[in-house]
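Each chain is listed here by its residues.
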Amino acid sequence: MATKVLVVDDSAMSRKMMIRALPEGWDVEVSQAANGKEALEAYHAGKAEVMFLDLTMPVMDGYQTLEVLQKEGLDCFVIVVSADVQPEAEARVKKLGAMAFIKKPVNTEKVTEILKEYGIL
Amino acid sequence: MSISFRTVSHLNEDQRDALAEIVNIGMGQAGAALAQVLGEFVILSVPRIRLVDSQAVPETLAELVGAETTVSAIRQPFHNHLHGEAIVVYDEHGCRDLADIMGHDECTDERVEQELLLDIGNILAGASLKGVAEQLQAEITFSPPSILATHVPVERLLDPEALDWSYSLLIEVNFTLEARRFKGHLLIMLSEDSIDTLVQDIDAFLESL
Amino acid sequence: MPSSAPEGLLEFIVDRINVGILAVDRAYRIILWNEFMASYSERPAREVLGRDLFETFPELPRKWMERKITGAVVLKNFSFASWKQRPYLFRFSHNRPITGGIDHMRQDITFMPVLDDQGEVTHVCIYVYDVTDTAVYQAMLQDALRQLAESNNRDGLTGVFNRRYLEESLEYEFTRARRYGHRLSVLLLDLDHFKRINDTHGHLAGDEVLRQAARRIASAVRNVDVVGRYGGEEFLVILPETDGDGAHVVAERIRALIAEQPVIYDDTAIDISTSIGLATLDEHMAAYTDLIERADGALYRAKDNGRNQVVAHTPGG
Numbered sequence: 001m002a003t004k005v006l007v008v009d010d011s012a013m014s015r016k017m018m019i020r021a022l023p024e025g026w027d028v029e030v031s032q033a034a035n036g037k038e039a040l041e042a043y044h045a046g047k048a049e050v051m052f053l054d055l056t057m058p059v060m061d062g063y064q065t066l067e068v069l070q071k072e073g074l075d076c077f078v079i080v081v082s083a084d085v086q087p088e089a090e091a092r093v094k095k096l097g098a099m100a101f102i103k104k105p106v107n108t109e110k111v112t113e114i115l116k117e118y119g120i121l
Numbered sequence: 001m002s003i004s005f006r007t008v009s010h011l012n013e014d015q016r017d018a019l020a021e022i023v024n025i026g027m028g029q030a031g032a033a034l035a036q037v038l039g040e041f042v043i044l045s046v047p048r049i050r051l052v053d054s055q056a057v058p059e060t061l062a063e064l065v066g067a068e069t070t071v072s073a074i075r076q077p078f079h080n081h082l083h084g085e086a087i088v089v090y091d092e093h094g095c096r097d098l099a100d101i102m103g104h105d106e107c108t109d110e111r112v113e114q115e116l117l118l119d120i121g122n123i124l125a126g127a128s129l130k131g132v133a134e135q136l137q138a139e140i141t142f143s144p145p146s147i148l149a150t151h152v153p154v155e156r157l158l159d160p161e162a163l164d165w166s167y168s169l170l171i172e173v174n175f176t177l178e179a180r181r182f183k184g185h186l187l188i189m190l191s192e193d194s195i196d197t198l199v200q201d202i203d204a205f206l207e208s209l
Numbered sequence: 001m002p003s004s005a006p007e008g009l010l011e012f013i014v015d016r017i018n019v020g021i022l023a024v025d026r027a028y029r030i031i032l033w034n035e036f037m038a039s040y041s042e043r044p045a046r047e048v049l050g051r052d053l054f055e056t057f058p059e060l061p062r063k064w065m066e067r068k069i070t071g072a073v074v075l076k077n078f079s080f081a082s083w084k085q086r087p088y089l090f091r092f093s094h095n096r097p098i099t100g101g102i103d104h105m106r107q108d109i110t111f112m113p114v115l116d117d118q119g120e121v122t123h124v125c126i127y128v129y130d131v132t133d134t135a136v137y138q139a140m141l142q143d144a145l146r147q148l149a150e151s152n153n154r155d156g157l158t159g160v161f162n163r164r165y166l167e168e169s170l171e172y173e174f175t176r177a178r179r180y181g182h183r184l185s186v187l188l189l190d191l192d193h194f195k196r197i198n199d200t201h202g203h204l205a206g207d208e209v210l211r212q213a214a215r216r217i218a219s220a221v222r223n224v225d226v227v228g229r230y231g232g233e234e235f236l237v238i239l240p241e242t243d244g245d246g247a248h249v250v251a252e253r254i255r256a257l258i259a260e261q262p263v264i265y266d267d268t269a270i271d272i273s274t275s276i277g278l279a280t281l282d283e284h285m286a287a288y289t290d291l292i293e294r295a296d297g298a299l300y301r302a303k304d305n306g307r308n309q310v311v312a313h314t315p316g317g
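Chains as they are written, first to last, in this note's numbering: chain A, 1 to 121; chain B, 1 to 209; chain C, 1 to 317.
With a cut-off of at most 25 angstroms between alpha-carbon atoms, the simulated BS3-like pairs for lysine-lysine come out as follows:
1) A:LYS116 - A:LYS103
2) C:LYS195 - C:LYS303
3) C:LYS76 - A:LYS103
4) A:LYS110 - C:LYS76
5) A:LYS94 - A:LYS37
6) A:LYS16 - A:LYS116
Keep in mind the hints are simulated off the structure, nothing from the lab.
Bear in mind the structure is a predicted one, so any value in this text is a computation, not a measurement.
Model the full assembly from the supplied sequences, consistent with the hints where possible.
Following this line, the structure appears as structure tokens:
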């Protein structure tokens, strides 16, 4: 059964790049969201088993989204994908329940590595 | 000149998006560099991009930094693939907080204060532009930074008459330190010719996707 | 860098270029030391290569340099230092004949990280630029600007301040005195029978009289007092922190100094004297111009009463 993947980023370009970086042959059903609010809606609609989440977004940013997810019992794998490459940023999102952190710009190698490492692939 | 203006004003959504992402990634690296040097968590703003003619630069700066703020600023020219200037603007709290973080007693010595502003400015400008250049697969060379002004109202920071270009692309990001009042603005000003080059680069970037 | 230059040319250029070039490895050992560095430091390359930079040059600011070098290494980016913040890194003499007080070579420094194939920094290259000339010119420029600013405030003939500066100063002092409740007095002087002196002895004589008078007035006051030429033959003296009595003492001293000795011009002795009007800040005054007006009124009375005297404005008078 196809894995439900949600790509969250305020930049359409970034979402496109993220989707293109998903490994070939991975059976997925991809949805998109442009901010945390939309992401939560999609999550509640069952569209996010794996979530690729940007940090700097308007309306509701990545940190806030993670907080809500954590409070609700976090029932998905969240991989933060961000240009904010401070070590502290990575530490904070992991504390908020994110599983992994990928530094932008993304590419298929990085994504595949993480997915394999966490047994998703 | 008019070509640049037309080109940029007619940037399609994909091109504008690509530029914003490229800048975002470059700025992320600057934020990380700053975080490393200061040992503090850096909050990055979403980059703002404006195409302005040189007459409008002072008011645009005021809009981006905050009208009538008293600021100090450094400038660092760069050239090679892209030509322009990086300007790092600090508000009054900036210096004091920086000095505190870096372990100086106070900003009592003007030369120490200036060196701090220059060092941090160099880090921000260097990291962000290098980040952008890497994505465009190009080289950027820097000249040494220098003090642009200290303790002046932001409106008086740049004199449009002194700018060589009729138009420039202004890219602004600000960096705030959590639990401190420090706020620094990084502005990248690209010359007209470079705007053309940049658009070509963006197209190439989009092709490669 | 692509080049069809003969082998050894690049090395020769690096060695002989008129810029200091040195490089250190991650342990701060010197691995490159060009001719510029050797000759100014008087330490040839063979003496320093392989040695610790800070041991070899103990007067270098070690902490500062380590910070700059580490910055370049960690961030993999250039870092810079300017003579304007730190006059020099290496204490070299500058070999300039005229210096205006600049003791050592002024230097701009560039720190350049050198990366290996894996993208790791193996060395840092340091450029030392001699910018002594720039520093000298900048000092000269600032001197000239300062003199220019000064001259904008001065009266060309007498050398005391000009009217514009007097008004600015008085306005400033007035505001301060008002705000903090300090005392403030002014003296308005008018040389007696000046027109007659000009007509009798000529304008050049008149100029000399003005110069002398100015000198005598200036000699009678403190550093904080402001003396300036207010009009053709009028002078204004601003006396901060001075009340009516104090001002009277000063005014009388000036009057005496001017009247005592004639001015000698072209073997002629020209007798001079001055009338002085004095006014002190009081609560009835709304603006600095009021002070001048009151002093002017008092000056008029001094003239009326026979000249060569001091008259003080009396409030209500």
